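The listed protein sequences derive, respectively, from chains A, B, C and D.
Mind the numbering: the first sequence is residues 1 to 423 in my numbering, read in order.
Mind the numbering: the second sequence is residues 1001 to 1423 in my numbering, read in order.
Mind the numbering: the third sequence is residues 2001 to 2423 in my numbering, read in order.
Mind the numbering: the fourth sequence is residues 3001 to 3423 in my numbering, read in order.
In short, the hints are calculated from the structure, not lab data.
Predicted, not measured: the structure shown is a model, and the values here were computed from it.
Note that the Cβ used here is the ideal one computed from N, Cα and C, for glycine as well.
Warning: the hint list may mix true and false statements.
Heads up, incomplete: computed chain A residues facing chain B, CB under 7 Å, no partners named [claimed, not checked]: (1) E25; (2) N160; (3) P161.
Capping the alpha-carbon separation at 30 Å, the derived lysine-lysine pairs in DSSO-like fashion look like this [as the list claims (entries may be wrong)]: (4) C:K2254 <-> A:K254; (5) A:K380 <-> D:K3254; (6) A:K57 <-> A:K380; (7) B:K1254 <-> D:K3057.
The residues making up each chain are set out below.
Protein chains: 4
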Amino acid sequence: MSTDSISDRFVATRQRFLAICQPLELEDYGLQAAEFASPPKWHLAHTTWFFETFLLKPFVPGYQSLESLYEVLFNSYYNGIGNQHPRGQRGLLSRPSLQDVFAYREHVDHAMLSLLATVDDREDRQEAEELIARTVLGIEHERQHQELFFTDIKFSLGANPLYPRYVAGDVNAQIPTAPVSWTAFDGGLIEIGYEGSDFCFDNELPRHRTYIESFELANRLVTNGEYQAFIDDGGYERPELWLADGWATVQREKWGGPLHWLDSGGQQLEFTLMGLQQRAAAIPVAHVSGYEADAYARWAGVRLPTEAEWEHVAAMSYGLDRNQATSQDSARAALCHPEAAAGEDLQQLYGACWQWTQTAYSPYPGFAPSAGAIGEYNGKFMSNQWVLRGGSCVTPPSQARPTYRNFFYPQDRWQFSGIRLAR
Amino acid sequence: MSTDSISDRFVATRQRFLAICQPLELEDYGLQAAEFASPPKWHLAHTTWFFETFLLKPFVPGYQSLESLYEVLFNSYYNGIGNQHPRGQRGLLSRPSLQDVFAYREHVDHAMLSLLATVDDREDRQEAEELIARTVLGIEHERQHQELFFTDIKFSLGANPLYPRYVAGDVNAQIPTAPVSWTAFDGGLIEIGYEGSDFCFDNELPRHRTYIESFELANRLVTNGEYQAFIDDGGYERPELWLADGWATVQREKWGGPLHWLDSGGQQLEFTLMGLQQRAAAIPVAHVSGYEADAYARWAGVRLPTEAEWEHVAAMSYGLDRNQATSQDSARAALCHPEAAAGEDLQQLYGACWQWTQTAYSPYPGFAPSAGAIGEYNGKFMSNQWVLRGGSCVTPPSQARPTYRNFFYPQDRWQFSGIRLAR
Amino acid sequence: MSTDSISDRFVATRQRFLAICQPLELEDYGLQAAEFASPPKWHLAHTTWFFETFLLKPFVPGYQSLESLYEVLFNSYYNGIGNQHPRGQRGLLSRPSLQDVFAYREHVDHAMLSLLATVDDREDRQEAEELIARTVLGIEHERQHQELFFTDIKFSLGANPLYPRYVAGDVNAQIPTAPVSWTAFDGGLIEIGYEGSDFCFDNELPRHRTYIESFELANRLVTNGEYQAFIDDGGYERPELWLADGWATVQREKWGGPLHWLDSGGQQLEFTLMGLQQRAAAIPVAHVSGYEADAYARWAGVRLPTEAEWEHVAAMSYGLDRNQATSQDSARAALCHPEAAAGEDLQQLYGACWQWTQTAYSPYPGFAPSAGAIGEYNGKFMSNQWVLRGGSCVTPPSQARPTYRNFFYPQDRWQFSGIRLAR
Amino acid sequence: MSTDSISDRFVATRQRFLAICQPLELEDYGLQAAEFASPPKWHLAHTTWFFETFLLKPFVPGYQSLESLYEVLFNSYYNGIGNQHPRGQRGLLSRPSLQDVFAYREHVDHAMLSLLATVDDREDRQEAEELIARTVLGIEHERQHQELFFTDIKFSLGANPLYPRYVAGDVNAQIPTAPVSWTAFDGGLIEIGYEGSDFCFDNELPRHRTYIESFELANRLVTNGEYQAFIDDGGYERPELWLADGWATVQREKWGGPLHWLDSGGQQLEFTLMGLQQRAAAIPVAHVSGYEADAYARWAGVRLPTEAEWEHVAAMSYGLDRNQATSQDSARAALCHPEAAAGEDLQQLYGACWQWTQTAYSPYPGFAPSAGAIGEYNGKFMSNQWVLRGGSCVTPPSQARPTYRNFFYPQDRWQFSGIRLAR
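Construct all of the structure, not just a fragment, from the sequences and the given hints.
Structural data, given as structure tokens:
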């Protein structure tokens, strides 16, 4: 990749983060309503820290950080780098102020562009390529945090009884949705995992063989209306529908519906990035945990897909998904909430909700993480989490690909996570 | 009290809160590092809520609040009014924004001044006096929250590894302090409790007789240097010096010194409202719990005073305390941290640190709280807390009086709470 | 006190513990349903440990313990002696077995009697008297644990859905009870605290002057029927009746009535040491916390007595209380549950329920604990607890005296704690 | 299966439970030192409850239980049956007494044998077979609880500072162990899952195809000595060796070695069912969590096997494992603790320690649980747990088979769980 190309991509990614923060009030930047929901200001600083830590400090002799404590404050979980400010206390960092964080970003952007300008002329090509690879990783990393920005601020604003909105707008409730249809796929020995020369994360490798049985996949995601029928049928009161740990979670957390659902004054509402909205029946249900997705599937007499099944189907239709294209061009409102499925072919692989699979997140056969602290990126999380596939309305479209492995704990609900069924 | 007088006092108190907030960054206004440490913005709104709830809503026909939910959001603990936003989540209210809260204050100030303008002409004098009494209570209430503003923001800023300061300045470490001296007082049947026609809180009443034995009282507070000797002598490792609940707290919280003390890089530091400072030996130790005060006294072979003893002495010297006078005229720096005792007469009753007594907070014989929700002000807290007497460097001087009963749980440390000994 | 006298008292006390354990199943001896409710086997061993630790080890040269680890296992809270087995894990000590504990008791009894036989002939009379004083303390200590035996096993058996009874029998529900009557007492400067030459605990000293206002005291305790009226009037749903910490406890613990009350199948039941019984309206309400006692008093428009008031009245009527006499002679059934008040004079000072006072437990002026570890007996608990006065149906009658200060946290309910009103 | 055969197997299994309880003190039967470690008495009752609930109540008209509350008290987790006594409070059931539980067992045994006597003559053969199938399931279920009996009582006795032993005996530390050797296996499309006409659990079905890569498997388990080298190399202080959740567990639980390891007085000890013993270097390390197994493997530069790999190897050598044969004939001492591996061929598949795999416990493709409450046996636990394969020294030998899927949470350590490596 040329210097120009990588620098352009770097600049565009960095600028996009500032753009998506625009609608916030200054007071929102420090908001953290749960340990998992980092403040916008922290995301802005941490993504900057990533470039500083893995590019500038090792590759720029004499590089000076603006503040040595940032190394601790904005380290997320890299034990190889050193101590970390406690995750649940990120919202207590009223300082550095937002202006200080903007200055930090500028300082690092400037140094990064200077560094990238040296790439073409480097004699040590291996180092030059390492430098490019890390920069690309930093860009992809920042894109991931841009998605987290949306889900974290949605969660944190949703904890305020005033239900402030992130942006003006309305959910698009006008699209009619047809009943779900099923497509059959033959089983056999297939290959999954990334293959190609563009970027992928280490957990998408190596490409390898796996055996699947024949199966059918639903053409679209489960809707709010369908999920309401599950609730109305006592879904949250019937232990036989749930995994044991899921049922314990339902009891402990007193769940009675998806996160962000709210019944108030006789109205069925949903908190969205555009504030409280009527729940539209045809829109995909979002913000369900893996346990809820699994219980819904059991209630419906079917099951969740495996990640191999999902990838197998997605790989065949790669590039053809309407929602993916739409989401790339969409205006802000479309970006902020899933839309209903319009047609009867395979829909909503990307651009609506992440789709829980029944597959526990574990290493592919032969998986090897990178050397050093950067190797903590994915590998160490390979226990107790479930794989989600696809992408959501707030996923940067450039990250939508068949092999991408997202992962969360089965009790997590603050992502735009939904349900696609298999049988 | 005339309309002019009460209005002036109202305006002065309201303006003082804005003035003491001036040094903050906007991001600091929402900061809450513990359940007990409310954000500045919340204090600004809650003190406003008090006037709205107890004056405007009952006395101004047709009064319109800016936002009906403020009734819940800014209710501290008045069950008689209704529900309360959870105390530990005050820091999650990024909205209303600070501008919104300023608008709320202006809205209420305007309505209050209009209401107060009606007082002189009211035919129903009982109502007029109730109105004045509640306004005075609201003013005293706001003064209390101005003290909490200082101790809460000190606690919350102190949770940031950058240790940001509230204002510039330095601790005054130049005053020489003489060894403690003791004054003897005769016991007998005395009277305590408020007597007079100015304001007092309900818990200072009724004035009543109580019997005390003869005793001696220390002329000044325990200093940092003296407290360091207690630590150096193993004070925090010797259970025999502690109350059982205190020792359990030391173990559970891993206490090894007062809150805000910090040993770093070979230096003995103290976090102050002026940032990290060298600990000055002659300055009174502050931010100790009742348990620590009690353990120190036991180590020193003496004890804490009772509240009756303290008040008995303070009443005799009322109006004569040098620190009290000083603190009224003091510049900001003096306001922000206790100073060393200068002389050998009775010192530091007010203006340095609150002084733990050994007396559990309970009603005076014949105590009767006010009717209605406003009666929740003091009475319902009369269990499990200890009485502190005097006043601190951040106490509004107008609240320094011999009969004032402050109270906190014996494990609380975030106030400017210190130690005066008796024997 | 002569050797014979002290030895006799020692033997009688030790034997009584074995006698009151008789009705248990072997499996009950290890039962601990909460951290505060120690198993019978532990009480049997700990009271033995007390004699071993404070008498045998210091006064018998060459004394050999059966097992050195008992020093840790059966130490309750004496930091001056050394480490303690965690309080909440006493129920996990299946070994030593009950037979081992009986052997431990016999071993210590034998050594104690040998030691006591030396008292009369000792030349060092100071040591001889210290030896007697400690033995008396050990006897009183064991009597206290005999009371705890009853309340602890009642609590632990009550956690079993089978509600097993400790002994056969029935509550005496036949005594008619007259409405409460009030007696007036003049205020003034009085004296409280132990005065005499028999035994008292250190916390009953020194006798000292205190001033009380005139007051009235109820002649009997609040009954189940009267307490039911409080519940029926919404007592547990009205925060204005409660101290703030009490209300928080009601919410957190979901209290809706006294401990051991049970409404089942349309019946109003009460778990007693004789199993589930109908709740009799005339019997004193027991197993209420200090918070509940205080809330009941507020609902009734009166208040709890102070400990000085209670002692002042009790001292005047000392020796005249009918219940006290009754309880000494009572058969097992009477011993196991309070009975209704029979007359209209002052009733139930002892022998029914401990009576919550509004007084926080704190040292009397001039209080000085004993030297050494034995000084941990009372003094270190003088914070956060409330004083109860009188005695209950399971209190050894020898401990019923006007000056006895019992103390528990205001949330504690597992003692036979009831309510006497004052105004 | 004939009536005689099934009755014999029933009786033998029931009697074995009484036999293995023999060494206990009566007080040990109620012991529960953690929520997961049920008391022996509860195991004895619950296994009885299983036959009563799934055989006697549905198949024996007019069957009378001894006590209707046993349905709740001894229900482990079957929501389809009804409520359950809280798991963590099983140790609080001092009643029913052990004698009562023995009577319960006899009552149910008698009724079961009468029921089984009817099988041969039943006209409804489908019902007869269901009856046999459930009885077999009940027998296998009781065998599983016999294994839990050993690990639970070991855990509970190990919480006692006296470290009481279950039986007399000594660990066999005399067997020399050769360095580990590796055997290579070809990858390919294989089949796993139970195939045959004897008993298997539902989670071993259906037999299905899966694809594995070529791999090597260690011939024996990791030893105490090898694991000590991991500790000595800082294994518990190096986060890079651990999964993120594992590292968090190490920090939270302050782990520094396997459960039941104890360094005391300069000695390296291990608590065993025969009391405290010297740790023998050649004996397999036991009582490690999945996280520790995984970290050890990473430190050793290899990995844990998948369950498919393990089963593939075990299926080839089925019936040939020396340890399996040994364990069947072994005396008590061998039964109570793993022994060292003697040879260089494939060792210790069974009879020493369960072996953690890297495979998350999830349903085989096409898995279908039984209908009704009995279907809760395995399926609902298929999240967040890891598969272990093989069997331990306390596993009933009849349950040792290549397809058996054991499962525990990766943080669990109280089973005899060890480490076999793959690469």
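We went through each hint and held it up to the structure:
Given hint, A:E25 at the interface with chain B, holds; its Cβ is 5 Å from that chain's nearest Cβ, closer than 7 Å. This hint holds: A:N160 has a C-beta 6 Å from the nearest C-beta of chain B, less than the 7 Å allowed. Nearest Cβ of chain B to the Cβ of A:P161: about 6 Å, under the 7 Å cut. The hint holds. Distance check on the hinted pair: C:K2254 and A:K254 sit about 16 Å apart at the alpha-carbon level, within 30 Å; holds.
Note on A:K380 and D:K3254: the hinted pairing holds, with a Cα-Cα distance of about 20 Å set against a maximum of 30 Å. Proposed proximity of A:K57 and A:K380 is supported: the alpha carbons are some 24 Å apart, at most 30 Å. With a C-alpha separation of about 56 Å, the suggested pair B:K1254 and D:K3057 falls outside the 30 Å cut-off, and the hint is violated.
The structure shown violates just one earlier hint, number 7.
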